[in-house]
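Here are the chains, one letter per residue:
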Amino acid sequence: MADQPFRLRTCRSVREQLSAFLDDEVSDADAMDIARHVSRCEACAAELEGIRLARDAVRSLPSLKPPARLFGSPQKSPRHRRPLILLGFVGGVALAGTIFAVGGETGQVVPPVDDLVVDHVTNTGGDLLLTPVRVEK
Amino acid sequence: MKPVAIPAALTVFAAAIVTVAFLPDGQVRAPVDLGQLALRPAAVDAETLLADALRANRSTAFEGTLTVVGVEGPSVFQMDVEAASDGTRTVDTGSWLFGQDRDGAWAASDEGQWLEQAPGAAPDIGVDSLLQKYRVTSAGLRELPTGDAWLLVVTERGEQTAREWLSVDVSTGLLVRRETFDDDGAAVRLVAFETLRTAGRIAGLAPPSIESTLRSQPETSEWNGIDVAELPGQYRLIGVTRHDKANMPAMTMVFSDGLYQLSVSPIAGELDGGHLQGAVLEHWGGLHLYRWPGAEPQRLVWSGDGHTFTAITDAPLDAVLPALESFPSDPAPGTMSRMRRGLERVVDTLWPFN
Numbered sequence: 001m002a003d004q005p006f007r008l009r010t011c012r013s014v015r016e017q018l019s020a021f022l023d024d025e026v027s028d029a030d031a032m033d034i035a036r037h038v039s040r041c042e043a044c045a046a047e048l049e050g051i052r053l054a055r056d057a058v059r060s061l062p063s064l065k066p067p068a069r070l071f072g073s074p075q076k077s078p079r080h081r082r083p084l085i086l087l088g089f090v091g092g093v094a095l096a097g098t099i100f101a102v103g104g105e106t107g108q109v110v111p112p113v114d115d116l117v118v119d120h121v122t123n124t125g126g127d128l129l130l131t132p133v134r135v136e137k
Numbered sequence: 138m139k140p141v142a143i144p145a146a147l148t149v150f151a152a153a154i155v156t157v158a159f160l161p162d163g164q165v166r167a168p169v170d171l172g173q174l175a176l177r178p179a180a181v182d183a184e185t186l187l188a189d190a191l192r193a194n195r196s197t198a199f200e201g202t203l204t205v206v207g208v209e210g211p212s213v214f215q216m217d218v219e220a221a222s223d224g225t226r227t228v229d230t231g232s233w234l235f236g237q238d239r240d241g242a243w244a245a246s247d248e249g250q251w252l253e254q255a256p257g258a259a260p261d262i263g264v265d266s267l268l269q270k271y272r273v274t275s276a277g278l279r280e281l282p283t284g285d286a287w288l289l290v291v292t293e294r295g296e297q298t299a300r301e302w303l304s305v306d307v308s309t310g311l312l313v314r315r316e317t318f319d320d321d322g323a324a325v326r327l328v329a330f331e332t333l334r335t336a337g338r339i340a341g342l343a344p345p346s347i348e349s350t351l352r353s354q355p356e357t358s359e360w361n362g363i364d365v366a367e368l369p370g371q372y373r374l375i376g377v378t379r380h381d382k383a384n385m386p387a388m389t390m391v392f393s394d395g396l397y398q399l400s401v402s403p404i405a406g407e408l409d410g411g412h413l414q415g416a417v418l419e420h421w422g423g424l425h426l427y428r429w430p431g432a433e434p435q436r437l438v439w440s441g442d443g444h445t446f447t448a449i450t451d452a453p454l455d456a457v458l459p460a461l462e463s464f465p466s467d468p469a470p471g472t473m474s475r476m477r478r479g480l481e482r483v484v485d486t487l488w489p490f491n
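Listed in order, the protein sequences are those of chains W and X. Going by our numbering, 121 is the number at position 121 of the first sequence; the sequence numbering is gapless. Just add 137 to wherever you are in the second sequence, counting from 1, and you've got our numbering.
Keep in mind that the hints were calculated from the coordinates and are not lab data. There's no promise every hint is true.
Partial list, derived from the structure: chain W residues whose beta carbon lies under 7 Å from chain X [stated by the list, open to error]:
no., residue
1, Gly107
2, Gln108
3, Val110
4, Pro111
5, Val113
6, Val118
7, His120
8, Thr122
9, Thr124
In this text, a Cβ means the ideal position worked out from N, Cα and C, and glycines have one as well.
Work the whole structure out from these sequences, hints included.
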């Protein structure tokens, strides 16, 4: 192929380090490799964006200290319900993040495209000019 | 494969720059029309001329250098081709040597890989199949680096825009140049002999046809409930091969509309699109497919209904798209489809009756 953006890192190795990459916990060299990879790989860029969105959503929540009466007061005024709403929101974000993470592609098939090209040319190569060949291996 | 410096190739193909409208940066000035050519009138029967040329390409011994110019690269590649007097044909791309003789077709790589296809007994569909879908007209005489040539224009019946310009060398009767256009009339590829030397006729041998290299006749006209005997666009099933590539049992269905060839190989299992090196995800019609821009022949990969499909073709993508859409295609990968898939998996996992 003319363009090989994955020469340095495979998608699998990049995805294993995306979380650490966001936390700035990878070496400078790894960070450059990962940044270069995700700039040219749509699948890994989408993975990175998904992780980033989920984290940003969780981190944007205010940190709360639940008041003691949250669990003791029989009266539920709107003011008392706010922590429950926030907890529900946190839970929703966590659930959405989990569903997003679980929904990633789990396909295992990487078709042997180059071999199939050779097959095609071998099968149909009777007319050289009518079947141009440009196989790169 | 031998990459060629573009300026040098463009010098050699100065005429091509004018006629096919390939620009130095690989862009296309579309559409191209015959008015740009300095054609001389010539009264010939176009259909007979094409049939004779195809026959000559199989019965004439020759050797030469074939150049392929694709617009998406921008890229220029050369290969050495030879049709020896004993009927053996070879194409040397640099990394692969493709051959065809009385025993069948074969391919050998410079890394020691070897592939063989025994000859089959399929009929030669010849130019008749091409003429069912396309009409061929003569546009006149043109001057090429290889000498004067008749220019034949191939247009799909019912359409106005030419799909191909085929040039037939006057002195040898060989097809020496092929210019391919998309449905807007924009040039997408040029294949031409840069040098050509004939060496008499191939004696005592019925030259192999395209279909005769296929291992077997189509043994089925149905795949997974889909009628594949003839796909939209008059792509007829001309052969089926079975193979085990990379430990993946698969079959390849080979189709032809008389001008272009299309191979489709379904493999059971979901596609891992993240590991298709160099491919880009594109949306064409109802298909969401991975494609390698600039590759010839075209390589297309998509998934649908629990299968991964690989299509290889020399046709412009717009010409073959209706045929590809006969096969199932999953929705485009995106946030919503990922959420839906994740929800399905969570429910599947937690569902107590599973």
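Hints and how they fare:
Taken as an interface hint, glycine 107(W) checks out: its beta carbon lies about 3 Å from the nearest beta carbon of chain X, inside 7 Å. Of the supplied interface hints, the one on glutamine 108(W) holds, with its beta-carbon coming within about 6 Å of a beta-carbon of chain X, less than 7 Å. The interface hint given for valine 110(W) holds, since its Cβ lies 5 Å from the closest Cβ of chain X, which is under the 7 Å cut-off. About 4 Å separates the beta-carbon of proline 111(W) from the nearest beta-carbon of chain X, less than 7 Å, and the hint is met.
Against a cut-off of 7 Å between C-beta atoms, the interface hint on valine 113(W) holds, since the closest Cβ of chain X lies about 5 Å away. Evaluation of the valine 118(W) hint against chain X yields a held restraint, the C-beta minimum of about 5 Å falling below 7 Å. Residue-level restraint check for histidine 120(W) holds (minimum Cβ-Cβ distance to chain X is 4 Å; threshold 7 Å). Proximity of threonine 122(W) to chain X holds as hinted, the smallest CB-CB distance being about 5 Å (cut-off 7 Å).
Checking threonine 124(W) against chain X by beta carbon gives a least distance of about 4 Å; that is within 7 Å, so the hint holds.
In terms of the numbered hints stated before, the structure departs from none.
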